[in-house]
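Chemist: Each chain, letter by letter, is given below.
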Amino acid sequence: MNITRRELLTFAGGSILGALFTPVPWKLLDDSAIWTQNWSLIPGLPRGPETFTFTGCTLCPGGCAIKARRVNGLPVSLVGVTGHPVSNGFLCPMGIAGHHLAYHPLRLRRPWAFTGKGTDSLLTPSTLEEVISNLAPIVKDIQSSPTKGTVAVLDQRPDRVVSDVYRRFVSNIPGGMYALAPGSEDPTLTALRSLCKTAEGKLGYDLENTEVILSFGAPLLDGWSCPGRAVHLLQNRIHSGLRLIQAEGVQSRTALQADTWLPLIPGTEAVLALAIGNVLIRERLVPSKIEKTSADFQTYKKLVAKFQPETVADICGIPASAISETARTIASHSSVVMSGYNPAGGPFDAATETAIAGLNALLGNIGRIGGISLHRPLPSGPVSTSPAIALTEIPDHSVRLLLIDGAESGHTYPSSLLRRKLTADGGTVVMLSPYLSSRSALADFLVPSPAAFESLEEISTPPGAHRASFALSLPLMKQPDTAVDAVTFLSKLAGAAGLPSLGAESMESFLKQRAHDIWLSKRGTLTAPAGTSVTPTAEMAGEEQLWKGLSEGGCWVDDVEAKEAIPQSMLLGTLTPDRFDGASSPAQHATGTMRLIPHGWRNATTTASVAPVLSKLFQESHLRSLGGRVHINPATLAANALSDADIVKVTTQSGSMTAQVVADHTVIPGVIHAVVGPSPNNTAPTNQPEGEGLLGLCVVRDDGSWRITEASIARA
Amino acid sequence: MRFKGLILFLLGVLASLAIGWFAFPAALYRTEAQPMQFNHAIHTGEQNGMTCDMCHEYMENGSFKGIPTIAKCAECHSATIGSSETEKVLVEQFVTPQKEIPWKVYSRQPDNAYFPHATHVKRAEIKCEVCHGPHGSSTALPVYQVNRISGYSRDIWGRNISGIPSHPWEGMKMDRCVRCHAERQRDDSCLDCHK
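Protein sequences, first through last, are from chains E and R. As numbered in numbering that gives the first Met the number 0, residues 0 to 715 make up the first sequence, in order. As numbered in numbering that gives the first Met the number 0, residues 0 to 194 make up the second sequence, in order.
Since the hints were derived computationally from the structure, they do not count as laboratory data. A couple of the hints might just be wrong.
[Stated by the list, open to error] Residues of chain E placed beyond 10 Å of chain R at every Cβ, according to the derived structure: (1) 23; (2) 33; (3) 103; (4) 285; (5) 313; (6) 319; (7) 500.
[What the hints assert, rightly or not] Calculated cross-link-like contacts (lysine to aspartate or glutamate; reagent style DMTMM-like; alpha-carbon spacing at most 20 Å): (8) R:194 with R:174; (9) E:521 with E:504; (10) R:98 with R:128; (11) R:71 with R:56; (12) R:3 with E:560; (13) R:64 with E:49; (14) E:615 with R:191; (15) R:71 with E:6; (16) R:98 with E:49; (17) R:126 with R:91; (18) E:201 with E:558; (19) R:172 with E:29; (20) R:194 with E:580; (21) R:194 with E:49; (22) R:172 with E:30; (23) E:491 with E:480; (24) R:103 with R:174; (25) R:103 with E:480; (26) R:121 with E:29; (27) E:300 with E:282; (28) R:71 with R:52.
[As the list claims (entries may be wrong)] Derived coverage of chain R by chain E (criterion: at least 3 residues anywhere in the stretch with Cβ under 8 Å from a Cβ of chain E; other residues may be distant): (29) 12-23; (30) 141-150.
Think of the CB as a built atom: it goes at the ideal place given N, C-alpha and C, for glycine as much as any other residue.
Put together the whole structure using the sequences plus the hints.
Modeler: Next comes the structure, spelled out in structure tokens:
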């Protein structure tokens with residue numbers, strides 16, 4: 000039988016029609032869609048028994064409690080723990096994605112050495128033994144010739160047991176220094192500490208009993224201290240009556256949620272603080288005892304007399320009536336005044352921080368319930384006598400060997416702050432870190448430390464807390480064989496350099512010692528995971544019970560002492576009134592210049608790694624801005640003939656770089672709000688750290704601040 | 000021939016229908032043997048009277064354990080009970096060496112689908128039989144067939160290749176979830192099931 004082409008096509012047509020009445024096309028459509036989910040290169044979830052582990056986040060000092068869902072032992076999701084006494088069930092987006100960071104493309108999986116410095120540097124693989132053999136002769140040489148420079152350890156998260164190990168290490172070396180990185184302490188509390196040196200105990204904010212918070216730009220709802228604490232308090236303010244007054248040069252998320260936003264001109268925070276002090280004294284709103292207990296009250300009174308609200312209103316951009324009203328509000332309620340810490344912009348200059356902290360002293364807030372609490376530190380045995388100093392207190396060009404701890408404060412700072420401390424030949428810098436970061440470019444040796452949730456760590460009292468607390472971060476994953484914790488690294492280095500032993504062989508033994516000290520103190524209570532029970536330490540059968548409770552994810556918190564003990568304090572401290580002379584007149588800026596203010600989100604600045612999954616936050620939702628962008632008021636853009644999305648060149652006396660403009664009504668005119676953020680989708684080669692970005696343009700002053708820098712912009 | 004074209008057209012239709020409804024399912028699914036047989040009826044029947052949750056337990060936190068581990072089997076089968084070949088395989092190959100039975104799971108879903116048994120059984124009080132049919136009283140395991148393209152069990156789509164279930168409990172596709180939720184007036188959001 001002959002089949003013509005027409006007949007074949009007729010048969011095919013019938014077949015096609017028939018096929019439409021079979022499951023073939025629809026089933027294949029469904030199956031092929033599922034098939035694309037199952038390609039072998041797509042990572043799948045592990046299969047196996049599902050378990051839950053209570054642990055704690057170590058990405059920043061906030062110490063949020065975590066409930067980890069694990070499948071076959073591997074963590075697959077992290078959530079906050081409801082009823083936790085410190086974090087109140089909250090967990091920031093960084094913490095939620097924290098278990099992804101162990102797989103970050105910039106993860107260090109072996110020690111590396113930089114050969115050469117700056118842009119010509121080249122990363123070459125190394126080993127721990129090679130690193131130690133390079134460092135030991137330097138330590139030995141420093142011991143024999145201390146005048147050539149010394150050893151410094153930079154701790155970004157003080158008050159841990161490993162911090163004491165660092166202090167013991169440097170105490171064995173002539174001139175050795177243990178330094179605190181910028182951002183590791185609350186700047187207002189640091190300033191207050193210098194104003195009331197006689198006060199005994201740790202300073203913290205008793206926000207749970209506070210009625211009014213006056214915040215000078217503190218990111219209270221954006222990761223401040225333990226994120227869950229402030230968010231919990233402000234979320235419940237409808238019941239508690241807590242009020243938040245936010246004085247800030249940009250309508251930040253905290254400003255948006257505040258009861259009152261004072262849109263002051265950046266750089267005039269000290270003016271506003273002194274004007275508030277003026278009203279407090281003029282209207283006799285200051286407790287009478289302050290006049291007697293403050294040695295420099297008359298000096299302060301004379302200084303603030305120059306800052307009448309009516310005369311400074313134009314300088315700081317806040318109406319005189321609003322300044323007076325703010326002063327009356329904080330005086331008539333239990334209040335705290337704070338500056339917080341800009342995760343990228345750092346603290347204000349020393350004079351501004353003192354002016355802000357001085358308001359607390361003026362109002363008698365220190366040692367008062369609902370004010371600045373004086374609480375007992377975490378119980379501990381004898382600690383090293385080596386003092387902790389601020390990085391800025393290290394003499395310039397005095398450090399020959401710098402060890403940088405890998406624990407993040409969540410805040411960043413210009414690398415020039417570190418560079419200026421190194422000896423003229425550039426010194427030797429060792430970084431212990433799980434990741435390659437912008438700071439890595441400064442290092443000579445990179446030693447991989449365990450990532451978050453890979454090793455047993457401690458979670459000590461968050462900065463600004465009103466009572467001591469302690470918990471453990473239990474490992475959820477096995478750390479790589481090449482990862483080295485700080486205790487092991489220091490022990491090896493001390494051994495190779497002929498230094499005395501550091502006293503314990505492992506992190507666990509140090510942590511058990513801390514738990515032992517807590518048990519001996521008989522203070523505080525242990526809250527079981529998920530807040531199911533609370534056991535007073537004094538009622539425990541032995542220290543094993545405390546350690547067991549901590550090992551199961553429990554949290555120890557100290558008792559709150561319900562007593563007021565207002566110490567003597569100063570209002571200006573060592574600062575002389577002439578430090579504020581320039582503040583009482585309108586700021587002079589060169590024509591055409593603007594104020595560059597770096598801004599970042601805690602833990603998402605360039606020194607920290609961000610899980611790629613957070614691109615949802617950064618790019619798809621625009622809830623967070625990416626690094627390399629500058630937010631400028633549309634009026635300022637129009638005056639400079641620029642528009643949204645333009646590529647501009649930002650220039651300061653430190654250099655220039657290109658950035659993309661974002662027209663932003665929430666930024667005050669004349670300000671460049673520069674984002675120091677990550678690039679979650681960065682696909683750069685993994686052996687190239689990202690640069691500091693706009694932070695590198697900031698000018699660092701003598702007091703270590705870099706908050707505001709004069710800058711100009713032009714179309715690139 | 001006058002109707003040759005029409006006949007060829009109809010032949011094409013019939014050929015497609017035959018291939019689509021009979022040859023295609025046979026080619027699409029591959030039959031795989033379970034590592035051993037299992038008789039639910041002997042456990043849940045009058046002789047032993049066990050309930051589903053005696054083996055398919057919930058953990059302390061309320062989540063569902065799924066298929067019991069070999070440790071659970073060993074609670075009763077540490078030594079052979081009776082003389083069946085299946086019992087011998089269970090004890091000798093799995094219980095004694097403490098090796099988990101590599102069951103082929105009929106209900107395995109993609110990683111992005113999340114189904115909490117506790118919510119459905121404990122809060123909504125849905126009986127096991129509503130979704131699993133008479134599985135608990137079956138004397139042998141159903142034939143396990145795997146879809147060569149998707150890699151999932153045939154029971155996800157349903158035994159009927161048309162996708163139209165012969166019984167209310169057949170099929171575990173998303174449309175079944177949506178339909179049941181709609182019938183019970185449950186509000187749905189994507190993240191309820193897709194974590």
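Chemist: Each hint should be assessed against the structure and marked as holding or not.
Modeler: These are the hints, each one checked on the structure:
no. : hint             : verdict
1   : 23               : 5 Å, violated
2   : 33               : 4 Å, violated
3   : 103              : 21 Å, holds
4   : 285              : 53 Å, holds
5   : 313              : 51 Å, holds
6   : 319              : 50 Å, holds
7   : 500              : 44 Å, holds
8   : R:194 with R:174 : 18 Å, holds
9   : E:521 with E:504 : 27 Å, violated
10  : R:98 with R:128  : 30 Å, violated
11  : R:71 with R:56   : 10 Å, holds
12  : R:3 with E:560   : 101 Å, violated
13  : R:64 with E:49   : 8 Å, holds
14  : E:615 with R:191 : 19 Å, holds
15  : R:71 with E:6    : 65 Å, violated
16  : R:98 with E:49   : 18 Å, holds
17  : R:126 with R:91  : 35 Å, violated
18  : E:201 with E:558 : 14 Å, holds
19  : R:172 with E:29  : 11 Å, holds
20  : R:194 with E:580 : 58 Å, violated
21  : R:194 with E:49  : 15 Å, holds
22  : R:172 with E:30  : 12 Å, holds
23  : E:491 with E:480 : 16 Å, holds
24  : R:103 with R:174 : 24 Å, violated
25  : R:103 with E:480 : 35 Å, violated
26  : R:121 with E:29  : 32 Å, violated
27  : E:300 with E:282 : 12 Å, holds
28  : R:71 with R:52   : 12 Å, holds
29  : 12-23            : holds (count 9)
30  : 141-150          : holds (count 4)
Comparing the model with each earlier hint shows violations of hints 1, 2, 9, 10, 12, 15, 17, 20, 24, 25 and 26; every other hint is respected.
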